[in-house]
Amino acid sequence: MTLRVAIVGYGKMGRIRHEAMERHGGFEVVVACDTSQDPDANFAMVTDPLAVYDFNPDIIVCSVPNMMIPDVVCTALERGKHVFSEKPPGRSSDDVRRMIAAERAAQDRVLKFGFNHRVHDAIEEAKKLIDAGTMGELYFMRGVYGKAGGPDYAQSWRNDPAQSGGGILIDQGIHMLDLFQMFAGRFEDVQSYVQRNFWTDVPVEDNAFALMKNADGIVASVHSSATQWQHTFRLELYLRNGFVSVDGILSASGSYGTEVLTVALNRLDTTGNPIPNPESQELRFTEDKSWDKEVAEFYDAVVKEEPLRCGTSQQALDVMELVERIYSADPEWHRILQDQTPLPDQAI
Amino acid sequence: MQTPVFLDHLPDVNTVTGEKPARYRLARNKALLELMLDRDTTWTVRRNCPACGGDCAKSKNFSQTLLEFQRCSDCNTIYAQRVPSQQTLDRLRLDIISRKETGDTGNTREFEYISLMNWISLTEARLQRPLDKVVDIRFASHATAWPESTRRLSHNRSWDFLPLSLENAGFDNIGERLRNIAPRAVLMPTELDRVADPEALVRTIKHSVPAGTVIFIASSCADGLEYEILGADSPSFIPLDRLTVFSIKGFEALCAKVRLSVLEISTPGRLDAVILDRYFKTTENSNIPFWSGFFREADQNRLHDLQILLQRSLRSGVLRFVLET
Numbered sequence: 008m009t010l011r012v013a014i015v016g017y018g019k020m021g022r023i024r025h026e027a028m029e030r031h032g033g034f035e036v037v038v039a040c041d042t043s044q045d046p047d048a049n050f051a052m053v054t055d056p057l058a059v060y061d062f063n064p065d066i067i068v069c070s071v072p073n074m075m076i077p078d079v080v081c082t083a084l085e086r087g088k089h090v091f092s093e094k095p096p097g098r099s100s101d102d103v104r105r106m107i108a109a110e111r112a113a114q115d116r117v118l119k120f121g122f123n124h125r126v127h128d129a130i131e132e133a134k135k136l137i138d139a140g141t142m143g144e145l146y147f148m149r150g151v152y153g154k155a156g157g158p159d160y161a162q163s164w165r166n167d168p169a170q171s172g173g174g175i176l177i178d179q180g181i182h183m184l185d186l187f188q189m190f191a192g193r194f195e196d197v198q199s200y201v202q203r204n205f206w207t208d209v210p211v212e213d214n215a216f217a218l219m220k221n222a223d224g225i226v227a228s229v230h231s232s233a234t235q236w237q238h239t240f241r242l243e244l245y246l247r248n249g250f251v252s253v254d255g256i257l258s259a260s261g262s263y264g265t266e267v268l269t270v271a272l273n274r275l276d277t278t279g280n281p282i283p284n285p286e287s288q289e290l291r292f293t294e295d296k297s298w299d300k301e302v303a304e305f306y307d308a309v310v311k312e313e314p315l316r317c318g319t320s321q322q323a324l325d326v327m328e329l330v331e332r333i334y335s336a337d338p339e340w341h342r343i344l345q346d347q348t349p350l351p352d353q354a355i
Numbered sequence: 401m402q403t404p405v406f407l408d409h410l411p412d413v414n415t416v417t418g419e420k421p422a423r424y425r426l427a428r429n430k431a432l433l434e435l436m437l438d439r440d441t442t443w444t445v446r447r448n449c450p451a452c453g454g455d456c457a458k459s460k461n462f463s464q465t466l467l468e469f470q471r472c473s474d475c476n477t478i479y480a481q482r483v484p485s486q487q488t489l490d491r492l493r494l495d496i497i498s499r500k501e502t503g504d505t506g507n508t509r510e511f512e513y514i515s516l517m518n519w520i521s522l523t524e525a526r527l528q529r530p531l532d533k534v535v536d537i538r539f540a541s542h543a544t545a546w547p548e549s550t551r552r553l554s555h556n557r558s559w560d561f562l563p564l565s566l567e568n569a570g571f572d573n574i575g576e577r578l579r580n581i582a583p584r585a586v587l588m589p590t591e592l593d594r595v596a597d598p599e600a601l602v603r604t605i606k607h608s609v610p611a612g613t614v615i616f617i618a619s620s621c622a623d624g625l626e627y628e629i630l631g632a633d634s635p636s637f638i639p640l641d642r643l644t645v646f647s648i649k650g651f652e653a654l655c656a657k658v659r660l661s662v663l664e665i666s667t668p669g670r671l672d673a674v675i676l677d678r679y680f681k682t683t684e685n686s687n688i689p690f691w692s693g694f695f696r697e698a699d700q701n702r703l704h705d706l707q708i709l710l711q712r713s714l715r716s717g718v719l720r721f722v723l724e725t
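These protein sequences, in sequence, are chains A and B.
Heads up: the first sequence runs through residues 8 to 355, numbered per this note's numbering.
Heads up: the second sequence runs through residues 401 to 725, numbered per this note's numbering.
In case anyone wonders, no lab produced these hints; they're calculated from the structure.
What you are looking at is a predicted structure, and each value in this text was computed from that prediction instead of being measured.
C-beta atoms are modelled at their ideal positions from N, C-alpha and C, and glycine is treated no differently.
Don't take every hint at face value.
As the list claims (entries may be wrong) - Beyond 12 Å from chain A on every Cβ pair, some chain B residues (computed):
#1 ARG447
#2 THR488
#3 LEU492
#4 PRO547
#5 SER558
#6 ASP572
#7 GLU599
#8 LYS649
#9 ALA656
#10 VAL658
#11 LYS681
#12 ILE688
What the hints assert, rightly or not - Example chain A residues on the side facing chain B (calculated, C-beta under 8 Å, incomplete):
#13 LYS135
#14 ALA139
#15 VAL270
#16 ARG274
#17 SER287
#18 GLN288
The whole structure should be built from the sequences, with the hints applied where relevant.
As structure tokens, this is what we get:
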């Protein structure tokens, strides 16, 4: 069965999704909407997002800036379309709640968000190792995800809170938080420091540090940074019988390196105590299959009615609530946020 | 297919070049020479590479302890030009085991055992299916403390040990025991390079276990820098224990021929750097461009970095394969 696709927002992410759908073979892009037209497109292009419905799509791929996501998603669901949306899922947890309400009203329509880090090979391998029980009980996690700002950092919509809802944490750090919750469930108890160090004239954070604990006592710490001059992704999970870490994450830019999964089981001495520095296994992953896996899961959810495992609206809500908890746990940053102009009405 | 790298500290080179290994080497070479002088010994001449089937006429040859070896020009596997019968080989191995020349003492090899157990545990987790019944093929005969280590450290897994014995010479008995046990996994870390016909052994295992059985095999690796530079001069090159030193390409070819799926390939050898370091620092006239200078100036950190690079490049002197029937 071939699904007719409308892509709303045909920028970098929209094109990545388009390519993944072409590789899958079960999709046909019939129209895309963007402010700029692609002269090489072999499908219709429109500038009015509502015009995509004239092409009778089965699904809407939503690749627009955060502030527009709720409107695009809710409109699509109301019109009976399945929706694949980029993350972050809007600018706030209220945005997600609004989309969840639309999802419930649409009943059997699929809504999936693109938290692709869950399906990176190294992360999936780490999950397998932990789920098998070999590694034992999870004690704590550490995550660092950072980059060196980005092109036109100060001018980017990503760093305009009215459009994005926040800075590096909601844009990039949200992936790490999503992974934390994938491994350990919801984190309710949060302490944080949120800072603006380098781009002091930009009204969003360029660094966020958080220390969290869940109901089972599992502790996680995250550092999300836009001043991590050496692009870095590092996730460490320490368990009773050893550890698992993922260094690097395959990305479109390639600047975070290849994904290296390191896993070790402890060596015990004769009294049963771990001997330091156990032999570890290192596995390298060099091909980013995450886009293809996401598209395949979405297809199976729509066509075969298989339940979504990654990028559900509940996962989206959980992670947005955690982002907000981190922002508000730093009293100083909380005051800064309150002093800022309220978010303008969502509009498209 | 995955290619893990096994990261660990550098071992002491004396595990290969010390007095005890030297005694073992002498004993094995003495046994080989006696075998060659014995007119009753039957030898099978190999005309093709036991790995890829390449014509030995095209290979390069060298000799060690008067036994001629070939290095296959197609796949780089090293193999003895002629081999005694499996029964003879088994008898010689039992002789040396009975003299305790190979026996481990207490926990001296515990890290090696833990590495094997963790290899199985982590593979089991990645494959997402239980490997709860394992058959060890002959490793326990060389490593007497190994069964006790499995009892103490390998929980949730039952072990059967198929020992080397004169009554069970050849591979028929291995096949029969495997059919009776029907294991989920087979571990064979010391046989591939020591048997007369490694293909026959691998075929016996493949045809004697249920479909989906996972086979863990380790052996010496001809692609290792140790063998590339030193060849037969490597202290770990003991002819009777290196009748077939597979290359990665060679063993992959054998697996394809026997129709075994390759799930994982690695070269977790840890000794190349320290063996070469010892060689270049102690041998007169060892003048090889680049490497002589590299090793003469190398400290432990540089050796460690090199060993990891070799592993990452599948170029260390030990190979490990995870196969599936």
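Quiz prompt | Hint check against the structure, violated hint numbers in rising order | solution = none
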